[in-house]
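**Q** Here's the letter readout for the chains.
Number of protein chains: 2
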Amino acid sequence: MKPESSRVVWQGLSWRLRVETVILPDGSPLERGAIEHPGAVVMVPLQSSNGSFEVLMLRQYRHVVDEVILELPAGTRGWDEDWQACAQRELREETGYRAQTLTSLGRIWPAPGISNEVMALYLATELSLDPLAADLDEELQVQPMPLAELIAMAQDGRLQDAKSTIGILRAAVYLNNGV
Amino acid sequence: MKPESSRVVWQGLSWRLRVETVILPDGSPLERGAIEHPGAVVMVPLQSSNGSFEVLMLRQYRHVVDEVILELPAGTRGWDEDWQACAQRELREETGYRAQTLTSLGRIWPAPGISNEVMALYLATELSLDPLAADLDEELQVQPMPLAELIAMAQDGRLQDAKSTIGILRAAVYLNNGV
Numbered sequence: 002m003k004p005e006s007s008r009v010v011w012q013g014l015s016w017r018l019r020v021e022t023v024i025l026p027d028g029s030p031l032e033r034g035a036i037e038h039p040g041a042v043v044m045v046p047l048q049s050s051n052g053s054f055e056v057l058m059l060r061q062y063r064h065v066v067d068e069v070i071l072e073l074p075a076g077t078r079g080w081d082e083d084w085q086a087c088a089q090r091e092l093r094e095e096t097g098y099r100a101q102t103l104t105s106l107g108r109i110w111p112a113p114g115i116s117n118e119v120m121a122l123y124l125a126t127e128l129s130l131d132p133l134a135a136d137l138d139e140e141l142q143v144q145p146m147p148l149a150e151l152i153a154m155a156q157d158g159r160l161q162d163a164k165s166t167i168g169i170l171r172a173a174v175y176l177n178n179g180v
Numbered sequence: 002m003k004p005e006s007s008r009v010v011w012q013g014l015s016w017r018l019r020v021e022t023v024i025l026p027d028g029s030p031l032e033r034g035a036i037e038h039p040g041a042v043v044m045v046p047l048q049s050s051n052g053s054f055e056v057l058m059l060r061q062y063r064h065v066v067d068e069v070i071l072e073l074p075a076g077t078r079g080w081d082e083d084w085q086a087c088a089q090r091e092l093r094e095e096t097g098y099r100a101q102t103l104t105s106l107g108r109i110w111p112a113p114g115i116s117n118e119v120m121a122l123y124l125a126t127e128l129s130l131d132p133l134a135a136d137l138d139e140e141l142q143v144q145p146m147p148l149a150e151l152i153a154m155a156q157d158g159r160l161q162d163a164k165s166t167i168g169i170l171r172a173a174v175y176l177n178n179g180v
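As you go down the protein sequences, you meet chains V and U in turn. With the numbering used here as the guide, the letters of the first sequence map in order to residues 2 to 180. With the numbering used here as the guide, the letters of the second sequence map in order to residues 2 to 180.
Just so you know, these hints were derived from the structure itself, not from any lab. A couple of the hints might just be wrong.
[What the hints assert, rightly or not] Computed, partial: chain V to chain U, Cβ under 10 Å:
no.	residue
1	13
2	33
3	66
4	159
5	176
[Said to hold, decoys possible] Sample of chain U residues lacking proximity to chain V, with all beta carbon distances greater than 10 Å (derived):
no.	residue
6	86
7	101
8	132
9	148
The beta-carbon is built from N, C-alpha and C at its ideal position, and this holds for glycine as well.
Sequences and hints are given; from them, build the entire structure.
**A** This is the structure in structure tokens:
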């Protein structure tokens, strides 16, 4: 179904809402919303601690769900920003670390029924301190956690954030960590 | 940061966009969008075929990303609809089957930076034919696929839809299928 008409009803700092009107097979009109999004990056920052792997997770207040949630560092890309540069910038802003190596863990659509957002996932390794000032509207804390515990949480549902669940499980597969 | 003001800028058939204005720590105002969503269900419809497991996947045209994507059956809940009733209804509409048993595989937030949508995941087993008329705006085809192949696709990134990736991997863990 091709849209009969289309308009942007809101333009935010990083994404906008477009509303299209389509004509259904029975002739009636339907308004449907579509978020136009520049994409985002998700990082799995990995370091060794006493011989086992640890991931730098975040506890971040998300006003949309009104909860502090456990998630991987992530952030929205600028419309023209290079994906790897975006991953490095967000990693430095949110964790204070730079990664010597970023390894792709693939891409996902978080919500293709509503938004064209693509998330690019990266394993971030060989970390060194190199902080960048964080965004003013973010409220977060870094929390290092054992990879093995995060794998269990991704599998049994304690990890509720979709991008983080997939990032952890793909990292585990990449590292051959028993998944 | 508490919002200074808040308004609904668009109300669709199943979700709406609210825009809030907050004052940043430096005193400047920021508009931020938040999708208010009734939640959704995601099903992993499983059946045996020649002694191995098969999942009823969909190939569905998603106008938002302008692609036919491979995904699990899923659908938006009515604001007051019971979650299991919603899962059964969407399964019948999209695959033509009813499940004798729906087993929870947990809940996820697909995009908690933008939307308060919660997705409830279910393993759907003991399937029997019992179709319901599909929504007029949906363009989809049922495609049965081996569970083992879907697990590999979820792990290596060929499966790009987030809810489907997590549904398949959680089902595999539940069934002890080598994940």
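**Q** If a hint holds in the structure, say so; if it does not, say that too.
**A** Hints, verified against the model:
no.	hint	verdict
1	13	5 Å, holds
2	33	7 Å, holds
3	66	5 Å, holds
4	159	8 Å, holds
5	176	12 Å, violated
6	86	20 Å, holds
7	101	23 Å, holds
8	132	18 Å, holds
9	148	16 Å, holds
Taken one by one, the earlier hints fail for this structure only at number 5.
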